[in-house]
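Make a model of the complete structure from these sequences and hints.
This note's numbering numbers the first residue of the sequence shown as -3 and each following residue consecutively.
Note that these hints are calculated values from the structure, not bench results.
A hint or two may mislead.
[What the hints assert, rightly or not] FRET-style restraints, in silico, Cβ to Cβ: (1) 207 <-> 116: 26 to 32 Å; (2) 130 <-> 91: 23 to 29 Å; (3) 23 <-> 160: 20 to 26 Å; (4) 107 <-> 73: 37 to 43 Å; (5) 117 <-> 210: 27 to 33 Å; (6) 13 <-> 213: 21 to 27 Å; (7) 124 <-> 91: 45 to 51 Å.
[Unchecked claim] Result set (DMTMM-like, lysine to aspartate or glutamate): computed pairs, CA atoms no more than 20 Å apart in a straight line: (8) 92 <-> 225; (9) 68 <-> 40; (10) 92 <-> 218; (11) 92 <-> 141; (12) 163 <-> 212; (13) 68 <-> 26; (14) 92 <-> 209; (15) 92 <-> 219; (16) 92 <-> 134; (17) 140 <-> 218; (18) 140 <-> 122; (19) 163 <-> 214; (20) 92 <-> 212; (21) 68 <-> 101; (22) 68 <-> 190; (23) 163 <-> 112; (24) 68 <-> 18; (25) 163 <-> 209; (26) 140 <-> 214.
Think of the CB as a built atom: it goes at the ideal place given N, C-alpha and C, for glycine as much as any other residue.
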Amino acid sequence: MLAIIGGSGLTDLANLEILRREVVRTPYGEPSGPITFGRIHGRDLIFLARHGYGHTIAPHEVNYRANLWALKQSGGSEILAVASVGGIRTAFGPGKLVLPHQIIDYTWGRISTLCEAPGSSVLHVDFGNPYTESLRLDLLAACKDAGVGVVAGGCYGATQGPRLETKAEIARLRRDGCDLVGMTGMPEAGLARELGLSYASLCVVANWAAGCDPADTEISLEEVLANVESVSGHLLPILEHLLEP
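Rendered as structure tokens:
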């Protein structure tokens, strides 16, 4: 079953027929909120708001282990992680949808593995390709069928947050090969791999990263939310095609 993790600006799904919400207890503590079970055009899926349904959980405080464990326990096998990001390079400007294919982790202090409890097995998972290619290809096909433009690749730089980055930090990310910057891509992707879940991310470029705006204007929260809202409207037709039998 498809499980969707909604990021900033996406705390619910339009036109989702909600069947029930369920609180799931996990060995890793509380997830960000109850799991929503629903349907779109008769196809079952589950949904979780990464930052809580009131957007009260900062990126570094998200219980990523509990979230992914709860989704798997609830029947999720494929994870579509929707995230708002900043654009670094010209092709990744505000209003774009991106399916990244690589990630660099700049976060620190977050529990990033299931191998924490005493006596737990050490998992050396292959993470050379951090996103599941088959799910990425299905998403690309769904975007094409829905007539929604998407950038088919890019490197996501995962930073700590919750503050936005300095211009010097973004310049470093650019030198490292990053095209996008966000705060929630890791350890989420790595934990999904440890749990044996298919995982792909659909990124909404909400703003230029610091120092990347050709007009060199300050990042505006109103502009960010407006960009997220306008692009998020494409999510439903993408899901409809993705869920087609």
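Evaluation of the provided hints:
1. 207 <-> 116: 26 to 32 Å: violated (42 Å)
2. 130 <-> 91: 23 to 29 Å: About 28 Å separates the Cβ atoms of residue 130 and residue 91, which means 23 to 29 Å holds.
3. 23 <-> 160: 20 to 26 Å: For residue 160 against residue 23, whose Cβ atoms are near 34 Å apart, the range 20 to 26 Å is violated.
4. 107 <-> 73: 37 to 43 Å: violated (23 Å)
5. 117 <-> 210: 27 to 33 Å: violated (50 Å)
6. 13 <-> 213: 21 to 27 Å: violated (41 Å)
7. 124 <-> 91: 45 to 51 Å: Violated - the Cβ-Cβ distance for residue 124 and residue 91, about 31 Å, lies outside 45 to 51 Å.
8. 92 <-> 225: Status holds; Cα separation ~12 Å.
9. 68 <-> 40: holds (14 Å)
10. 92 <-> 218: holds (17 Å)
11. 92 <-> 141: Judged against 20 Å, a Cα distance of about 17 Å means the pair holds.
12. 163 <-> 212: holds (11 Å)
13. 68 <-> 26: holds (14 Å)
14. 92 <-> 209: Answer holds: residue 92 to residue 209 is near 14 Å, not above 20 Å.
15. 92 <-> 219: Within the cut-off at roughly 14 Å; holds.
16. 92 <-> 134: Holds - the C-alpha atoms of residue 134 and residue 92 are around 19 Å apart, at most 20 Å.
17. 140 <-> 218: violated (30 Å)
18. 140 <-> 122: violated (30 Å)
19. 163 <-> 214: holds (11 Å)
20. 92 <-> 212: holds (19 Å)
21. 68 <-> 101: Distance of about 24 Å is beyond 20 Å: violated.
22. 68 <-> 190: This hinted pair holds, its Cα atoms lying about 12 Å apart.
23. 163 <-> 112: The hint is violated at about 35 Å.
24. 68 <-> 18: holds (13 Å)
25. 163 <-> 209: holds (11 Å)
26. 140 <-> 214: The hint is violated at about 34 Å.
Hint compliance for this structure: hints 1, 3, 4, 5, 6, 7, 17, 18, 21, 23 and 26 are broken, all remaining hints hold.
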